[in-house]
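**Q** Residues per chain are reported as follows:
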Amino acid sequence: MSVDPFSSIGELGAALRSKKVSSVELTQMYLERLRTLGAAHNAVAELTEDLAMRQARAADATSSSNPLHGIPFGVKDLLATKGIPTRWGSPGHADQVFDYDATVVSRLQDAGGVLVAKLEMIELAGGGNYNVANASRMGPGKNAWDPSLWAGGSSSGSGISTALGCVGYSIGTETSGSITCPSAFNGCTGFRATYGRVSRHGAMALAWTLDKIGPICRSAEDCGLVLSAIAGKDPNDPSTLDQKLSLRSGKRPKIGLLKEDFAKNKADAAEKSYHFVLDTLRKMGYETADVAMPDLPYETAMNIIVDAEGASAHENFIRSDRFQMLQDVDQVAGFAAALETKAIDYLWAMRLRNEALQANRIWEKCDCIFTPVFYHKAVPVDQPLDKTWVNMGGEMISPPNLLGWPAMAFPMGFEDGAPLGGQIIAPCFEEATCYRIVRDFQRVTDLHKKHPSGA
Amino acid sequence: MQADQSRRQLLKSGAALAAATALPAIVAAQGDERPAAPPFLLEDIQKQLAKPLSDEAKKLLADAVKNSRGNSDDRLKHKLTENSEPAMRFVPSGRERTSA
Chain C
1 MSVDPFSSIG ELGAALRSKK VSSVELTQMY LERLRTLGAA HNAVAELTED
51 LAMRQARAAD ATSSSNPLHG IPFGVKDLLA TKGIPTRWGS PGHADQVFDY
101 DATVVSRLQD AGGVLVAKLE MIELAGGGNY NVANASRMGP GKNAWDPSLW
151 AGGSSSGSGI STALGCVGYS IGTETSGSIT CPSAFNGCTG FRATYGRVSR
201 HGAMALAWTL DKIGPICRSA EDCGLVLSAI AGKDPNDPST LDQKLSLRSG
251 KRPKIGLLKE DFAKNKADAA EKSYHFVLDT LRKMGYETAD VAMPDLPYET
301 AMNIIVDAEG ASAHENFIRS DRFQMLQDVD QVAGFAAALE TKAIDYLWAM
351 RLRNEALQAN RIWEKCDCIF TPVFYHKAVP VDQPLDKTWV NMGGEMISPP
401 NLLGWPAMAF PMGFEDGAPL GGQIIAPCFE EATCYRIVRD FQRVTDLHKK
451 HPSGA
Chain X
456 MQADQSRRQL LKSGAALAAA TALPAIVAAQ GDERPAAPPF LLEDIQKQLA
506 KPLSDEAKKL LADAVKNSRG NSDDRLKHKL TENSEPAMRF VPSGRERTSA
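Each protein sequence line maps, in turn, to chains C and X. For the first sequence, the positions run 1 to 455 when this note's numbering is used. For the second sequence, the positions run 456 to 555 when this note's numbering is used.
Because the hints were derived from the structure by calculation, they are not lab data. Any given hint might turn out to be false.
[Stated by the list, open to error] Some chain X residues near chain C, calculated using beta-carbon distances under 7 Å:
1. E511
2. L515
3. L516
4. V520
5. D529
6. R530
7. L535
8. N538
9. S539
10. A542
11. M543
12. G549
13. T553
[To be verified] The following residues of chain C were derived to be distant from chain X, with all beta-carbon distances above 12 Å:
14. A15
15. I84
16. D95
17. V97
18. T209
Ideal placement from N, C-alpha and C gives every residue a C-beta, glycine not left out.
Make the full structure from the sequences, and use the hints.
**A** If you want it as structure tokens, here you go:
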């Protein structure tokens, strides 16, 4: 067997169909990489070897035109898996086992996918406001490109394992940045779909009105294949959308550009990368327009909503004698403080979300927004984040999440050898725009094909 | 942004990343003019927990409550349109539906 572990889903599928490799062999390869590389970066919550080998043998025994058939994948340990521990990254949930699969897991398995691992995450998706990378049961998520840097969160293991070629692809989740952040820090392509596009049945709730699930992959095309498999109405999740996902787009979208503060944030590498992306897209015929988001207190609303919904979702745990088993004492303090969130504050935040619909006027001037996820590479893994999170930018994390807008994060360059990520943000239901632009960019560039040395 | 800025200051500067989940808490409150959390509130919270908090957690709880109250104060600066509705809706169900 000779298959590049960094192959795209399309390449892996072609290798399987031509019998160049079997699903069992692919599964063994990825399991071994998870045991070594993945574990060394604290990316693995649980290997699912027995299940994976059964699923791989079943895939080899059947043929299918499904592009995910026989392809090994991992899921964030926030998604329920029948009979396999689902610990939500939390030492206080170490013995938690569900007797059913999350809808996303079922859909991928129905597509012939092979679940090789539950992937580590920030405990309880960081809802208590964590301040150390070590806010995770398995230890701090170490960046795939440089283990002295953080992998980002909360879908840390999903970003790490995808970037290190430990899985064919992975699933992450996002309340406010948890797909785009680890994708940017690890050089992955991550797809946060419109709120309601993917069923959250069987997913840990942090904030019901914000939580979203999406793929973290090595290309836009891979993200499209995975999102197509997991999207769709689910009677078990009433928030799922009726509209069918389509990744086909019509006329070439116009790209909106926000005022960026590269100089103020001393972000030379990000500025160079940003202009490289823009120059590339303009050469392909894409047009741009300067745009601005309305000035609204998005972050205040986000904080209040996550506090209120997170404290409610985890109230039993917060009041239990296991609560102080959380790794990060900031999380303990944050969740406890959130018990006192006022109903009137929460309702203000939810009213603000309706008022914030005025931001949709931005789409009168453009069809999407291109902006860096952050202005700098990942921060050090071993220092408190409130000391290192400096000049990072990231203003376009909260507003699109409050509004339910989709985004695709993708590698746009490097800073001192570590990845920098950009993102294409689109109106609700228009994932096709994100997909098209990043796919086009990746067809003529090779940033998404670069891998950490030694992996 | 400066590492020692409070979350409130960060919000003012428009550079805040205080939202939970993806991003770390920017909770340092040094030099913050915001009033300290009232002791009775901290006690009330601690009474709701199964185990006493460590000294470090008590200190961080005071900071977290202060930040949370800061959100309450900050949101008052943005007046919403009179009589606007929250982005949530109760869906009535017929008699045949007895569970969510």
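**Q** Flag every earlier hint the structure violates by its number, smallest first.
**A** 8, 12, 13 and 18
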